[in-house]
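**Student:** With the hints as extra help, turn the sequences into a complete structure.
If you read the sequences in order, they're chains U and D.
Residue numbers are given in this note's numbering: position 11 of the first sequence equals residue 11, and the series is strictly consecutive.
Residue numbers are given in this note's numbering: position 4 of the second sequence equals residue 4, and the series is strictly consecutive.
No lab work stands behind these hints: they were computed from the structure.
Take these hints with a grain of salt, some might be off.
Quick look at which bits of chain D chain U covers, simulated, 3 or more residues with Cβ under 8 Å [claimed, not checked]: (1) 108 to 116; (2) 123 to 137.
Which residues of chain D face chain U? A few of them, derived with a C-beta cut under 10 Å, are [to be verified]: (3) LEU13; (4) ILE52; (5) LEU78.
Per label pair, the in silico range of CB-to-CB distance [what the hints assert, rightly or not]: (6) U:ALA23 <-> D:LEU44: 21 to 27 Å; (7) U:GLN4 <-> D:ARG172: 23 to 29 Å; (8) U:ALA118 <-> D:ARG45: 39 to 45 Å; (9) D:ALA162 <-> U:LEU19: 22 to 28 Å; (10) U:LEU19 <-> D:ARG149: 23 to 29 Å; (11) U:GLY64 <-> D:ALA162: 37 to 43 Å.
As the structure is a computational prediction, the values presented were derived from the model and not from experiment.
Cβ atoms here follow ideal geometry from the backbone N, Cα and C, with glycine treated the same way.
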Amino acid sequence: MTDQAARRRGRRAGVAIALLAAATLLVNLVWIAGHVDWLRPLEAGRPAPVVDLPVLGAGGAPTGERVTLAGRRGKVVVLEFWATWCGPCKASLPRLGRAARQWGDAAEVVAVNLDDRALARAFVDGDTMRGARVTLVADDGDAASRYQVGTIPHVVVIDRDGVVRMVGRGGAAAAAEAERAVARLLAAP
Amino acid sequence: MSARAIAGGPGFLERWGLALAAPRAALRLADDPAASGRAAGDLLRAIVVVLIVAHTRELVAAAWIAGAVSWRDAWPGLMRAVSGAAMFGLVFVVVATPVVSLCAGARRHLGRDFDLGCVAALVPVTVSLVATLVARTAFADGGLGPTGRALVLLTALGWSGAITALAIAEARRRS
Chain U
1 MTDQAARRRG
11 RRAGVAIALL
21 AAATLLVNLV
31 WIAGHVDWLR
41 PLEAGRPAPV
51 VDLPVLGAGG
61 APTGERVTLA
71 GRRGKVVVLE
81 FWATWCGPCK
91 ASLPRLGRAA
101 RQWGDAAEVV
111 AVNLDDRALA
121 RAFVDGDTMR
131 GARVTLVADD
141 GDAASRYQVG
151 TIPHVVVIDR
161 DGVVRMVGRG
171 GAAAAAEAER
181 AVARLLAAP
Chain D
1 MSARAIAGGP
11 GFLERWGLAL
21 AAPRAALRLA
31 DDPAASGRAA
41 GDLLRAIVVV
51 LIVAHTRELV
61 AAAWIAGAVS
71 WRDAWPGLMR
81 AVSGAAMFGL
91 VFVVVATPVV
101 SLCAGARRHL
111 GRDFDLGCVA
121 ALVPVTVSLV
131 ATLVARTAFA
141 DGGLGPTGRA
151 LVLLTALGWS
161 GAITALAIAE
171 ARRRS
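**Tutor:** See the structure below:
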C-alpha cells in the first residue's frame, strides 16, 4: 500500500469514527430527552418510580407473583437494593427484616436482588435472616436504573401514598435511618 | 508509508482511522522515536471520546446527583462511567505491551513497545463504541445479551490480537 493510499484509508476510517461517535452521542441525547425522570436524582418528596418485579421462590426461581407499588398502596414499603457479595447489605437486610416483623402488615421490606437469584434465596432462607421477614424479588434491569442505584445497600422508604420519604445511598447507616423513617411514617395518622 | 512522510501530518482522527484501516502504517508512525508518546495520547483521547459519547447518560446522571445531592453520592456513578469507557482499552494495552516487548527480542524498547500496544488498544475502544451504538439502537436498551457480549469480546480480541502480531513484526524490524 502506498503512503497516499494508506492515508486515504485512514482519513476515511477517521470520518467513519467521527460519524459513529456523533450517532452514539445523538442516540444518548435523544434517550436523555425522553427519560429525564429516570435521571432526576431520587429525593424525598418525589413520587416513587414504578416497580413490577418477580418474587423469587425456592432455588431463586420466580413464583409467578409480582411486586408492584400500586398493589401496596396504604402500606409503607422499604426497598433495599442488594447483592449477595455485598457485606454491608448482608448486615442491613436482616436488621430491616427483623424490624419488619415488629411493623406487622403496616410496612413491608422488599429486597431487590441485583446478582445471583439462587444465592439470594439461600441467604434469605439462611440463619443470618432468622426472625426476619422480607419479600425477595429480582431486579429487571430497569428498577435499579430508575432508583439510581450507584452503591449498595441502596434503601428507599416509600410512604402509603407512593411518595419517596427517604433515600439511603450505601453505608451501614442506611438501615438505621430507614427504620427511623418508617417509625415516623407509622406514627403519623 | 514512511514515518517521516506523515509525521506531524495526520491528525488524531486520521491516526485513529489508520489504526483500524491501515494498521501497518499506524504502527510505523507510532514506532517513530520522533512521535514518541503520541500513540498513548491518542489512546487517552479516544477513551475520553468514548466516555463522552457512549456514557453520556451516566455522566448526566452523576452531574445531576452531584449538584442536587452530593459529590459523594455521584462518585460511584461517575467512576462506573469512567471505568466502563477505559477498562477494555487499558487492560488490553497492559497485556499487549509486555507481549510485544518480549517478542521483540534484542530490539525491544519498552517505551516504543507501549506506543505500539496503544495502537492495538484503539481497536477494543472502537469496538466498544460500536457495541454501545448497536445495543442502544437495535436492542432498545435491553443490552447485547451474553451471546452479543461474547461476540463483541471475540471480535475485539481477534482484531487487536492481529494488530499486536503486526506490532511485534514492526518492533523486530527496528534498526
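**Student:** None of the hints should be skipped; say for each whether it holds.
**Tutor:** How the hints compare with the structure:
no.: 1; hint: 108 to 116; verdict: violated (count 0)
no.: 2; hint: 123 to 137; verdict: holds (count 7)
no.: 3; hint: LEU13; verdict: holds, 4 Å
no.: 4; hint: ILE52; verdict: holds, 7 Å
no.: 5; hint: LEU78; verdict: holds, 9 Å
no.: 6; hint: U:ALA23 <-> D:LEU44: 21 to 27 Å; verdict: holds, 23 Å
no.: 7; hint: U:GLN4 <-> D:ARG172: 23 to 29 Å; verdict: holds, 27 Å
no.: 8; hint: U:ALA118 <-> D:ARG45: 39 to 45 Å; verdict: holds, 44 Å
no.: 9; hint: D:ALA162 <-> U:LEU19: 22 to 28 Å; verdict: holds, 24 Å
no.: 10; hint: U:LEU19 <-> D:ARG149: 23 to 29 Å; verdict: holds, 24 Å
no.: 11; hint: U:GLY64 <-> D:ALA162: 37 to 43 Å; verdict: violated, 49 Å
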